[in-house]
Each structure stands twice: as structure tokens, then as C-alpha cells.
Amino acid sequence: MIPELGHFALALALALSLAQVVVGLWGAQRAEARLMAATAPLAAGALIAVAAAFACLAWSYVVNDTTVLNVVQNSHSAKPLLYKLSGTWGNHEGSMVLWVLILALCGGAVAGFGGNLPSALQARVLGILGLVSVGFLGFILATSNPFDRVWPPPPDGQGLNPILQDPGLAFHPPLLYLGYVGFAVTYAFAVAALIEGRVDAAWGRWVRPWALAAWSFLTLGIALGSWWAYYELGWGGYWFWDPVENASLLPWLAGCALLHSAIVVEKREALKTWTVFLALLAFGMSLLGTFLVRSGVLTSVHAFANDPERGMVILGLLALYIGGGFALFAWRAATMVPTGVFAPLSREGALVLNNLLLCSIAAVVLVGTLYPMFADLLLGEKISVGPPFFNLATLPLAVPLVLAMGFGPMLPWKRARIFPAMQRLWWAALAGFAAFLLCLAIEGWRIGPALGFAAALWAIAAAAADIADRIALFSRPQAAWARAKGLPRAAWGGALAHAGLGVMILGLAGMGLATDKLALLKPGEATTLAGMEYRLTGLADVQGPNWTARRATVEVRDGDRLVTVLEADKRSFAVARMQTTEAAIHTTWARDLYVVMGEERDGGAVLRIHNNPLAPWIWLGAAIMALGGGISLSDRRMRVSAPAARPVRAEARA
Amino acid sequence: MSAAGDRRPAPAQGPGGAGAPPSPSRRRLLLLAPLGVAAAAGVGFYAMLRGLGTGSYDPKGVPSALIGRQPPEFSLPPLEGADLPGLSSADLRGAGRPVLVNFFASWCVPCVIEHPQLMRLAREGVPVLGVAYKDKPADALGFLRRHGNPYRKLGVDLPGRVAIDWGLYGVPETYLVDREGFIRWRWAGPITDDTLKQELQPLLRRHA
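Going down the list, the protein sequences come from chains A and B.
Each residue of the first sequence is one higher than the last, beginning at 1 in full-length UniProt numbering.
Each residue of the second sequence is one higher than the last, beginning at 1 in full-length UniProt numbering.
You may find that some hints are simply not true.
Label pairs and their in silico Cβ distance ranges [claimed, not checked]:
id: 1; chain 1: A; residue 1: LYS522; chain 2: B; residue 2: THR195; range: 52 to 60 angstroms
id: 2; chain 1: A; residue 1: PRO387; chain 2: B; residue 2: ASP58; range: 23 to 31 angstroms
id: 3; chain 1: A; residue 1: PRO154; chain 2: B; residue 2: GLY96; range: 36 to 44 angstroms
id: 4; chain 1: A; residue 1: PRO153; chain 2: B; residue 2: VAL43; range: 43 to 51 angstroms
id: 5; chain 1: B; residue 1: GLU80; chain 2: A; residue 2: PRO154; range: 18 to 26 angstroms
The set of hints was computed from the structure by calculation and includes no laboratory data.
Fair warning: this is a prediction, and the values are worked out from it, not measured in the lab.
Beta carbons: idealized from backbone N, C-alpha and C, even for Gly.
My request is simple: use the sequences and hints to build the entire structure.
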């Protein structure tokens, strides 16, 4: 009964979304106030319907309803509740429902909080969002119904892939989708602007919080996935330039460019065409990722449903949304009139540079990701493009990006001079240079990590210098506190996000100095790595809730001091007939001590030991970046309409 | 979506305020570029999806130069203590029925994963011939004792020279040699339950 209700709710949501498209776009075109006013309640209704469908699916998972095919294929009664719940979106069908739920949430938010938008713009944005909903709801109902029944019901489910049974991964997809789908809203704003043929400061002000929110969630989602790969896959790495990882990085890069160029639209009414293009691109990249993961055109550890039929449908949706968006862009973008003029050396100029560099990085990643597929298709050659290419090609773009990131916030709008900015930043440059020399002195001729440390110190110090300058910390220290309290949160958020990137680069540079070794140890034997002594004290069998394991216990000593006892597992999952390695990690924040157990032979065990300097700072940095985005988002100016605040706003109907 | 709205006359001006504005036709071309790139990619993706259906595009397959040809000449010694004959290319020439040649090693974890499938094939009567790749004889023997022996014949390729002639991608790797002695199929990676059902068993039926 519950699954049928869910199925019905999905169909209802499709009908409501369809109505939302017609009423929104037609009403705005005819300027019919009554039609336009109906779009917001329709969006709220669609949200309620999708939420009900999602709740029905989650319910089926929680009670382990084995008459539902999707539950049978992806769950098991012996799983902990958290993973039963996360199993809801741990598969193709369920994750599509989550995708649509988040899209409906965005629609509900535009309907609820968008009372200060011009009614035609709001109706058009909701109409476009409805159009995206219609496509994906239709896709679910036609090819990927999660509520399909199976009869007679099997005694129990087949279990969730054991490497996915992890708290980090339970929240990885929802965060990613919040990011991907958030860009649907900026896309809808861009399409609405193209239809209206007008982009102004107010438009920039409405788009920016959405770009910022989507980008912050995407940052968290990618970081969580990377962290999971680091501790769960046991390779000691954190980013593998896997096509699917790249697919999440592309919208992040485009979104990062978008949220910066939207500032220029808002403050200076320039870069309008470009910003609209970025808004289309960011969502296009999100959809491209969806296509790559779900169509089976590439192989990856992440790939979901390898079904060319589904791939065709998604490709059709891509053609509609991306193709339609770009066609509209080609047709209408010429009407956008830039009004703000600026000198190349100015805040605007720095933001243009930021955009060019971010987009170049995105282009490199896109080409590197798609090239092997097209080489296979056109030339019949099997080529793999791996980390060496990506590292080599992105580094020369990342270095000037970080350099410009320090200068940008210091430059005034319209026209700037480089000397005053340099005057305020000389000590940040000095800090970076000192870090560079220090790293070379200690670690020898390791140019990559040395550059990384320099960039990290520069970025963090430049962000600090920016804040110090704004609150006049050095010129008028007595008033600094008052100025700090008065400083808009967007300024704090921006500086924090820039510093967060610095912290992340610090971690990346540290990982550039990582060392590892393989050692065959018998119980009682020891080996040393990077000044630490690792002694295998025992090998034992362990029984978990739904797995059995061999566990290696390793004592780590620094001289005579016991630092930690690590327990590395090799787990066997009976239901899934799979083995996983559980890396044992101890962090001192200065470095991670990381042990993975390999196979056993000759009465001993092969241990892979990694010494990972500064590793946790990578994800801490990403969290700081997202926090910066959040603080910026809480700025009063973000929530208030331009040009003047309207005191009475529509209450949230969702 | 029909044209409407307040379409203003568009003066020719660049996307930024800076620099010389490009001519209207160049600007139009620039605005068309994203659509063109997206369309080209879309056509490519369409061809890939079509190819997935017909089998002409396969991101998983690692092609082998040996498909459709006879295996290279080789002769490998038996594994001491295993009580199995060694393996040479003569064993593959015109066996009268399809045989599988499986490269494995005791130190490879995916080999353990694929082993139950090999055992099942052996029970079903499919001749499975093994090559122990770069493996100490004692280790290979221990591996067979622990997990069972699916092999009718087993050669030891300690230096890995024969594997080079075959163009081995890694272990485990499996080849299907048909009744006339021609290589018909190559699978790089473990043979899972799905591989068995979807790939191997139809091939075995076709070449039986």
C-alpha cells in the first residue's frame, strides 16, 4: 500500500510540475497576474507530493519491505538503521527521487522566499524549474520506478555494497545533490533573464545567494567524498582524477566562477552575458555528470546504472535543457547591454581573471575526462588520462589563480593601482616566500610541495591582510573592534573562504611530501617510517555485525613514547561476498599515521604504512571554504531585495 | 518560447566593458559557440550509447591483439606437488571443445574473488587451464589447497615471459580458446557471477 501511495505521489508531482510550467511561462508571457500568482502554490504542491513519495520509499527501506524490488536489490534486514535509510539514495532509482526532492525543495524555496521578486520573473523561474522537474519525474516514472513490486517476496534483501556502508558516504550524495540541483535555480534565473532579455543588478543580487549556497554544498559534498576515499579505500590517496570525481569538480569550478562574476553584475552591471553563460554552464556540467555516471558510457568505481536505454533518455533531457539553454543564449544574449565600464586593473578585472583561470581549469578537466571516451569512439584507441596529465595541466593555472586571489579583494572597483595593494600585501608575499625557502631547506629540491606551502601561506596571509585592512587594524586599532562588528558578513565570508582554500592547499602540499612503505612483519617485528616505529603486536580474528575480519594490531612509538595503537582490518562481508580493507588512521593534525593490512603469508602480514603530513587540513580547508560561503549567505544584504527592502514578505509555504 | 519582452536595440559591445568591442557578426558567432560545442558532444554521446547497444563501443573491454588468432608458442613446466600436468601451446591447438586459459597468482586478491566461478565452471565440465603468473610454487600450491583446484593442467610462469607473449594486462585474466584453437575472448579482471552469466556462458554455448 505504502509503495503504491509513493508511486501515485510521483505521478501527482509530475502533473503539478507540468501545470507549473504552463501556468508560469504562459502567465508571464501574457502578463496574467492570476496565472502568475498560481505558480507558487503549484510549486509548493509539487514539493509536498515529491516529499511524500520520498517518505514512502524511505519507509519501505526502514521496515525492509521485501516486496519492493528496489529494497530487495539494495538492502538487508541486518543492516544498521542509518544504512537502511542511506540505502534509500544509495542506488540509481532512489537517488533520482532524492534529486527530484531537492529540486522540488528549491522550487518551494523560490516560491516561499521569492515574494520580493518581480512576479513575472518569479513565475518564469518557477516555470523553468518545473520544466526540469517534469523531465526528471518523467524519467523516473518511465524507466526507473523505485516502487516496482516483486512477488513472491524473497526472504531478505541482497544487501548494500559494503564499501558504501559508511557514515561519510551516507551524507555524500545528499550534499552533492544539494549542490548540483542548486545550480538548477541559477539556470532557471538565467533562462528567465534570456526570455526577458534583461539582466540588471537586482538579477545579480537574486542569483548570487543561490550560486553561493549550491557551491557551498557542493564543496562539502566533494570534500566528504574525497575524505571517504582516503579512509575507506585504503590507497592512501584522496583524489584520483576519476571521471566521476571530475564530473563533480566541473560544476564546482563553473559555480565558483559564477558566484564571483555575479558579484560584478550586482555591483557594476558588467559581465552580464558572461554570467548568464556561466549559470547555464554550471547546471549543464551538473547534468553532464548525471549523464556520465548513469548511462554506462564510462567505467568508474562510482558508476550506477549501466543501461544505454536510460542513457538515451538522459541524453534527451540534456539536449532539451543544455541545448535549449544555449540555443536561447545564442538567440537572445545579444540583447544584454553592459553598462559598467572598468579598467583592466580593477576589482572587476581581477574577477575576470579569476573567471578566465577557473574556466581554463574546467576546460582542462573536461577535455581530460572526455578525451579517452572520444578517442575510443573516433579512433578506436584505448587511452587513459591519469593524474600526471591533470596535475601538470592544472598546476600552471592554479598558481596564478591563487596569486590573483590575494590581490583581488584589495583592489577597488572601476580603476585600481597595483602599488597600494602591494603595500598592504608585502608581508603576505614574504610569508609565502619564507615558506617556500623553508620547505626547500628542509625537504630538499621538492619544487611542487614548496610552491604549495608558499601558495597556502600567501592565501591565508592575504585573507588576513584583507580583513585587517578593512577594519583598519593597524592604522586605527582602537576602532578596530567596532569596525569588525560593522563589517558586512559577506566580507568575512569571502575572506574566510579564501583562507579556507589556503588551508586546503596547505594539506595538499603536505600530502606532496607523503611517504609510504610495504613491510612483511611477523608478530613482534617492527619497521620504521619517518621517525616512527611500527610494531606488529598481534593478528586476530574479529566478528562484526555483518562481517568477519582479520585484524592486525600495530603499536606506533616515537622513540620510547607510545603514540597510538592502530587496528587495521581486512573485512569479509558474507552477504555481498566482498572484502574491504579498513585503514587504521591516527591523526596528530601535523600528520596522519595510516596503516593498511595486506595479505598474510609465512606467519606474518604485509602492512602498507603511510606517513601523510598535514592530510586532515585538506578537508578542514574545504569545510572552512563552505563555512565562508555560509557566513556570506547569512549577510543581510543577501536576503533583502534590491534596491529597497520590503518589510512584508510572503511566508514560506513549504 | 516565442520572442517577446522588451527587446532593446543591441549596440555592438563586448561581454566586458574593457577592450575593443568585437564586431556584431563575431559576437554572434561567439554566442553560438557553446551551442555548437554542446551539440558536437551530444552527437558523440549518442554514438557512444548506440555503440553500447551494438557492442561497437565498450568502455570496459580491453582489446587484445590475439582475438581471432592462435595463441603464441609456449611450454610451461608443471607445478611441483600439485599432481597436474604442465601446460603448452599444443594443449590448446584443436582441443575439440572450447577451453579457458586463466592467468592467476596467489598474491592477487581479485583472483580469490573469481575463484568460486572457476570452480563452478570446472564442476560443469568446462576445461579450465591455469597459468601461475610470477608466483612461488609453494604459494601457488597453498592457494590451490586453500581455495580448491579448478585446473586440468597448470603451467608455472615464474619469470612472466609467456604472459608477455600473450599481452597480459594483469592478473586475473582469462582467455577463451575455441575448438579449432583460436582465441575468441579475453577478460581482464575477475570473472564475477555477472561476467559468467552475461558473457562467458553464451560464448561457451556458441562455441561448443
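Inset, instruction - With 43 to 51 angstroms as the target window, see if PRO153/A and VAL43/B comply at their CB atoms. - result: Since PRO153/A and VAL43/B have Cβ atoms about 45 angstroms apart, the given range 43 to 51 angstroms holds.
Legend entry - Hint check for PRO154/A and GLU80/B - Cβ pair distance inside 18 to 26 angstroms: violated (47 angstroms)
Legend entry - Hint check for ASP58/B and PRO387/A - Cβ pair distance inside 23 to 31 angstroms: Since PRO387/A and ASP58/B have Cβ atoms about 24 angstroms apart, the given range 23 to 31 angstroms holds.
Legend entry - Consistency of beta-carbon spacing, THR195/B to LYS522/A, with hint 52 to 60 angstroms: violated (37 angstroms)
Inset, instruction - Could you see if the CB distance from PRO154/A to GLY96/B stays within 36 to 44 angstroms? - result: holds (42 angstroms)
In the structure shown, a violation is registered for the earlier hints numbered 1, 5, in ascending order.
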